[in-house]
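Chemist: First to last, the protein sequences are chains A and B.
For what it's worth, our numbering labels the leading residue of the first sequence as 1, then goes sequentially.
For what it's worth, our numbering labels the leading residue of the second sequence as 1, then goes sequentially.
Calculated directly from the structure, the hints in this document are not laboratory data.
Hints may contain errors.
[Unchecked claim] In silico DSBU-like cross-links for lysine-lysine, where the CA-CA straight-line distance does not exceed 35 Å: (1) A:K75 x B:K132; (2) B:K228 x A:K12; (3) B:K8 x A:K189; (4) A:K189 x B:K2; (5) A:K272 x B:K7; (6) A:K453 x B:K100; (7) A:K189 x B:K3; (8) B:K22 x A:K453; (9) B:K356 x B:K324; (10) B:K251 x A:K12; (11) A:K272 x B:K8; (12) A:K59 x B:K231; (13) A:K12 x B:K258; (14) A:K440 x B:K3; (15) A:K189 x B:K25; (16) B:K100 x A:K427; (17) B:K8 x A:K267; (18) B:K132 x A:K453; (19) B:K478 x A:K12; (20) A:K59 x B:K132; (21) B:K22 x A:K189; (22) B:K100 x A:K68; (23) B:K231 x A:K427; (24) B:K335 x B:K324; (25) B:K22 x A:K440; (26) A:K427 x B:K22; (27) B:K162 x A:K12; (28) B:K132 x A:K427.
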Amino acid sequence: MSVADLFQAELKAVNLGLESFADNLRQRGVSVVQMDWRPPAGGNIAMIAALDRLALNPKIDIEAANAKAVQRMLKGKPMLVGVGIAKDVVPGMRPDLILHSGPPITWARMAGPMRGAVIGGLLYEGLAKTREEAEALAASGKITFEPCHHHGSVGPMAGIMTSKMPVWIFQNETYGNYSYATFNEGLGKVLRYGAFSAEVLDRLKWMETDLAPVMKKVLAAHGPVDMRGILAQVLQMGDEGHNRNRAGTSLMIREFAPYLVMLDEPKEKIAKILSFLHANDHFFLNLSMPACKCVVDAAAGIEGSTVITTMARNGTDFGIRLSGLGDQWFTGPAGIVEGLYLPGYTAADAAPDIGDSVITETAGIGGFAMAAAPAIVQFVGGVPQDAINFTKAMYEITLAESDFYKIPILDFRGTPTAIDVRLVVEKSILPVINTGIAHKEPGVGMVGAGLVKPPENCFQDALAAFAEEYTAT
Amino acid sequence: MKKVLVKKDSYFDSVFLMLLSKELKEGARVTDSIVAMGTPMNLELLASLAYTASDLAGITPNDLIVAVDCPDLAAADAAITAAEALLIRKKAPAEGAQAKPRSLGGALEQLPGANVAVISLPGAYAAREARKALERGLHVMLFSDNVSLEDEIALKTYAVSKGLLLMGPDCGTAIINGQPLCFANVVRRGPVGIVAASGTGLQEVSCLVDRFGSGVSQGIGTGGRDLKNEKVGGLTMLSGIQALAQDPITKTIVVVSKPPAKAVADKVVKALMATGKPCVVHFIGLEPASQQTPGVRWASNLEEAARMAVGQEVPAFDVEALVKRETSGMAKGQKYLRGYYTGGTLADEAWILLHKLTGAVYSNNQTDPKFVPPDPNRSIGHTVVDLGDDVFTVGRPHPMIDPSTRTDRVDAERGDAEIAVMLVDVVLGFGSHADPAGALIPSLLAAKEAAKKRGGYLSVVASVTGTEGDYQGLAGQKAKLEAAGVVVMPSNYQASVLAVKIVEKASAK
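If we strip away everything but chain A, and leave its shape as in the complex, we get:
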């Protein structure tokens, strides 16, 4: 508004700094909002310089690049298209390759739960007969470890995928790319938390021989499932697609049930599958994750874009990748989750943050949609307003709002989507991540759930590298 218009308007002020100036105006009846101002990038001179260089002297039109990335993220339409076996469908999958969650990591540096899951994976594949044999093989160098993310895949917790495992196949209908994830095994003693007992292996076998083939038939009968539509619904039913998946799992049962009962399968088999789905709220997690993955992947590799296209943890490191910096990972130490523990466990049992499930936050749901799932905040002893505040804070570090994923309590505002690393660093606002807590020892399983903060340095390192790449010297 011009100065002349200002003189005709009602004064409305934003106050940055001394709060008494705001108090004085309030006393006079002026509408004023006091900002909780903090030094940009926590006062980190090198980061402020990098931000300013990018603002004043970029080699490329960053805003245009981001607009393209945002467009791709908003327009992506994830479809659940089928079920396959990893070695047949996942690009580059082979028997001596084990995929894991998070950024690249060696056997030597792997955390307890991931090691346990690797052992379980080798036993499942029949490459080892005992724990000891599996450990020796894993350490021998004959097995290659690579991130799921390098193979169009995502995995919760340890995220272990081996060649014989059945996987969900997703396709981004808009851009054509695919993504994959294993099936969720349920709660308690499960491979993704590092358990590898006979019970775990038996269940994996059952999933391979019974569950997956049946699901494949169901999908063939049902046809591709529009996961964007399902995710939009779950947000309106109190889920956020990461830590709370009760509505999502229920909706999938509704989708599948009519086709399931029509299959030419024994009743007992079908009933067992339905009970399995019913007993496992997180069945949906392994669907929401690859749905997010194929959407975010379409926004990766855009030259000059500061959008974060990967966040993932392997229990040792937390890592991110930027759209404009290709496959380069920026990592920091995986944090300890702040949350509540299941009966009998305490913080002393917790493993550091682990899993690819933070793909949901990367795509703008999960912690970013916490306002849609107020029940979750109790994990950190909060109140529903905290959930709203978490989501609102995420609008500060994202470039767009989802056209499909809406939050009822925020007047159906779209979820905050497309994290800009510049905003994260400048505002020192870290992405809010909802997550489960794994026991630090292999094989114990989930011990709690809560919120985790990623390490700030990986965002700063990514920004520094980006500024190096994209500003004129």
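For chain A, the structure is supplied; the task is to place chain B on it using the hints.
Modeler: For chain B alone, kept in the frame of chain A given last:
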């Protein structure tokens, strides 16, 4: 001592139960507690923790179990009671406060249509935030100092290109749409528009306009470098003048500043003439220009600027009787004037006038290095000290906020037998101390008492910059000072004139 409470068919969300368990454990004398639904897994867990099998018999997954382990039975009973209370507790509806926004974007969401950003951040960051506010189309009041000249020029150029007002940096005072920003007074709204490169100059003129029965449409601050530095070139001053020219409420435009760079002064006068409205200019310490400036009148002090703006002449004021009264008790050798100021422009108005009249006034603001006191903390001869100078504010608040800078100085110098008159300003308004007169009076009384003990009399002359609308209250502050034997003059100009006359008369003894 282990105790188990079972509530049949009571479903609770597991998260709620985890919370409850945590709260119980935090209670006094609870070694451990588990609150969970009676699932087989949980029963197995309790059994493994050596809870008695009979306590756990017949429990189904629909039953709630509260199991506590305490040092003794009394503690266990208390814990079970506490758990029951927690289970039936009705939480007050969540009153989580709306979070303060961390960014400008967030602020604008909370206050749609915000039109001004008031920025008082450390200088190193202020320019960045000011730029962002301008990018968002907000006008900016930049209170912060220590903003580089390059940043100031870049910001002002950018603001002009967007048709926005950038007041500052180092702008302490503004009145926009009748609302005082930062250090400013509550003045009536009216036809006088002011653009000022000095904070207390704007305060004094706006308060006097109010006192003379008129009011202020807008009071725009420019920051001290706007006119003084040729590179800045009065960018804010010029856009302020232009805005007031277009403003239908503004009938008269007043410009107040320290003497600007010559080229800038010419631009300002030209801009004023182009407004077609009656204008008043006061460049502090500069004699009214001799050249013809149709429509632009030149005031020689702040009071005159205010008078001209409301169409009055400065009335002749006869102070002979006052001078006589104030000097009659003085001892031989009382000959010097000491001005202790909190307002920079008021200090300037005083020392410049007094230097002209006496030929020798020391001040830390003096332009002639001969008259800058060698030790800023000690007055010599006639001295007018601006206590808001950086020398005095390192590590402590501005003396308008914290009166001790001034009272310490008055206390330290009251033993000087050569002082005839102390001259002080009392600045009211937002930002200022809640009772500046009350804070100053004990030191003034002690100084008067010290002079009396030496067989003399100390005269104290003050002016109060403020209005009845200010939260400190003009009348009350004035009455307090007068009750303490202080002569309160209607303006800083008149106070300065009186002080000189007293000194002249005293030294003639």
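Chemist: Does each hint hold? Answer for all of them.
Modeler: The hints, checked one at a time:
no.: 1; hint: A:K75 x B:K132; in the structure: 30 Å, holds
no.: 2; hint: B:K228 x A:K12; in the structure: 31 Å, holds
no.: 3; hint: B:K8 x A:K189; in the structure: 28 Å, holds
no.: 4; hint: A:K189 x B:K2; in the structure: 28 Å, holds
no.: 5; hint: A:K272 x B:K7; in the structure: 31 Å, holds
no.: 6; hint: A:K453 x B:K100; in the structure: 20 Å, holds
no.: 7; hint: A:K189 x B:K3; in the structure: 29 Å, holds
no.: 8; hint: B:K22 x A:K453; in the structure: 22 Å, holds
no.: 9; hint: B:K356 x B:K324; in the structure: 23 Å, holds
no.: 10; hint: B:K251 x A:K12; in the structure: 25 Å, holds
no.: 11; hint: A:K272 x B:K8; in the structure: 29 Å, holds
no.: 12; hint: A:K59 x B:K231; in the structure: 30 Å, holds
no.: 13; hint: A:K12 x B:K258; in the structure: 31 Å, holds
no.: 14; hint: A:K440 x B:K3; in the structure: 30 Å, holds
no.: 15; hint: A:K189 x B:K25; in the structure: 27 Å, holds
no.: 16; hint: B:K100 x A:K427; in the structure: 14 Å, holds
no.: 17; hint: B:K8 x A:K267; in the structure: 34 Å, holds
no.: 18; hint: B:K132 x A:K453; in the structure: 28 Å, holds
no.: 19; hint: B:K478 x A:K12; in the structure: 34 Å, holds
no.: 20; hint: A:K59 x B:K132; in the structure: 22 Å, holds
no.: 21; hint: B:K22 x A:K189; in the structure: 24 Å, holds
no.: 22; hint: B:K100 x A:K68; in the structure: 31 Å, holds
no.: 23; hint: B:K231 x A:K427; in the structure: 33 Å, holds
no.: 24; hint: B:K335 x B:K324; in the structure: 15 Å, holds
no.: 25; hint: B:K22 x A:K440; in the structure: 21 Å, holds
no.: 26; hint: A:K427 x B:K22; in the structure: 33 Å, holds
no.: 27; hint: B:K162 x A:K12; in the structure: 19 Å, holds
no.: 28; hint: B:K132 x A:K427; in the structure: 13 Å, holds
Hint compliance for this structure: no hint is broken.
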